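Novice: Put chain B on the given structure of chain F with help from the hints.
Going down the list, the protein sequences come from chains F and B. Following the numbering used here, the residues of the first sequence are numbered contiguously, the last one being 157. Following the numbering used here, the residues of the second sequence are numbered contiguously, the last one being 157.
Source of the hints: derived by calculation from the structure; they are not laboratory data. Since the structure is predicted, the reported quantities are computational estimates derived from the model, not experimental observations. Wrong hints could be hidden among the right ones.
For chains that are exact copies, the list does not tell them apart, and a pair is met inside one copy or across any two.
[Said to hold, decoys possible] List time: in silico DSS-like cross-link candidates among lysine-lysine, alpha-carbon distance up to 27 Å:
(1) LYS133 x LYS93
(2) LYS59 x LYS145
(3) LYS93 x LYS114
(4) LYS85 x LYS130
(5) LYS113 x LYS145
(6) LYS26 x LYS88
(7) LYS145 x LYS114
(8) LYS93 x LYS26
(9) LYS130 x LYS140
(10) LYS103 x LYS26
(11) LYS88 x LYS140
(12) LYS59 x LYS103
(13) LYS140 x LYS59
(14) LYS88 x LYS113
(15) LYS103 x LYS113
(16) LYS26 x LYS133
(17) LYS85 x LYS103
(18) LYS88 x LYS145
(19) LYS103 x LYS152
Below are the chains, spelled out letter by letter.
Protein chains: 2
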Amino acid sequence: MAQQITEDEDYALQTCLLGVANILIKVRERELLSQRLSATAADILFLVNAMEEEVTPTKISRMMLRELAAITRILVHMETQGLIKRTKNLERKNQVRITLTAKGEDARTHAMKKQGATGIISTLSDAQQKQLKETLIALKEAGMKELHLSPKALIWP
Amino acid sequence: MAQQITEDEDYALQTCLLGVANILIKVRERELLSQRLSATAADILFLVNAMEEEVTPTKISRMMLRELAAITRILVHMETQGLIKRTKNLERKNQVRITLTAKGEDARTHAMKKQGATGIISTLSDAQQKQLKETLIALKEAGMKELHLSPKALIWP
Numbered sequence: 001m002a003q004q005i006t007e008d009e010d011y012a013l014q015t016c017l018l019g020v021a022n023i024l025i026k027v028r029e030r031e032l033l034s035q036r037l038s039a040t041a042a043d044i045l046f047l048v049n050a051m052e053e054e055v056t057p058t059k060i061s062r063m064m065l066r067e068l069a070a071i072t073r074i075l076v077h078m079e080t081q082g083l084i085k086r087t088k089n090l091e092r093k094n095q096v097r098i099t100l101t102a103k104g105e106d107a108r109t110h111a112m113k114k115q116g117a118t119g120i121i122s123t124l125s126d127a128q129q130k131q132l133k134e135t136l137i138a139l140k141e142a143g144m145k146e147l148h149l150s151p152k153a154l155i156w157p
Numbered sequence: 001m002a003q004q005i006t007e008d009e010d011y012a013l014q015t016c017l018l019g020v021a022n023i024l025i026k027v028r029e030r031e032l033l034s035q036r037l038s039a040t041a042a043d044i045l046f047l048v049n050a051m052e053e054e055v056t057p058t059k060i061s062r063m064m065l066r067e068l069a070a071i072t073r074i075l076v077h078m079e080t081q082g083l084i085k086r087t088k089n090l091e092r093k094n095q096v097r098i099t100l101t102a103k104g105e106d107a108r109t110h111a112m113k114k115q116g117a118t119g120i121i122s123t124l125s126d127a128q129q130k131q132l133k134e135t136l137i138a139l140k141e142a143g144m145k146e147l148h149l150s151p152k153a154l155i156w157p
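Isolated chain F, as found in the complex (with noise of 0.2 Å):
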């Protein structure tokens, strides 16, 4: 019984947990509106740009957990709007390289500009900030081993 109740307070944690993030997509996703913008294409464009290396889509899939014909198709929709460039590696045909064009660098720093999302967080105290940092860290490392993956696989904190 008391193991039943653990359980569902662990559960009822994850739902709150989860469900943060369901608003901070939402209120993420409102706030790109106007620039025609899903969460996920915002945080490509930031990922493309903080990468120093050759990016590919199946870097960005690791990167952002996600199957890569999901993140394919957020990358071909991403193209014919204009704000990436898909090309082809010569050496390894198989192999696509993406680049920011100049219209996507300009929508990078307007989706950064946008404070909806990040004002939410910053609702927290410094204290709070580092409470949850440093449980989100934790949590990470035992998801990702829960995954049989290593935490260094994505880039974040």
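Specialist: Coordinates of chain B only, in the frame set by chain F:
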């Protein structure tokens, strides 16, 4: 410049939170694979079981902060799997009532026993869990305010 750094830290923490949410969903999807159940479908089974009042697709979409069209698609699929029943309200014909079938009830019980995702939460100490809960509640309040929604619209925590 200091402002810029603060914003970047908030964005990093947001990425961290969404990343952990992603890991939990990934673990959940993996453990539910043998039941051919998505994480959202499992949540719907829990929600329909937990709600005492009449459950409609609109209520589910509100509580899960998901678009009605997306929830309807999932519900239609769950009905073909024999997990739920969608019954037309005889008085208000545009309303559909959702109930669990015996198979759905069975799937809910099984899904509840899978502990990969909740196991990740339970690696945290009691104090960490308590802090995390408080922080998530604060984020929920701030987020729902940003969305101009009442925090009471969501039943958790």
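Novice: Any hints from earlier that this structure breaks? Give me their numbers in increasing order, please.
Specialist: 1, 3, 4, 6, 8, 11, 14, 18, 19
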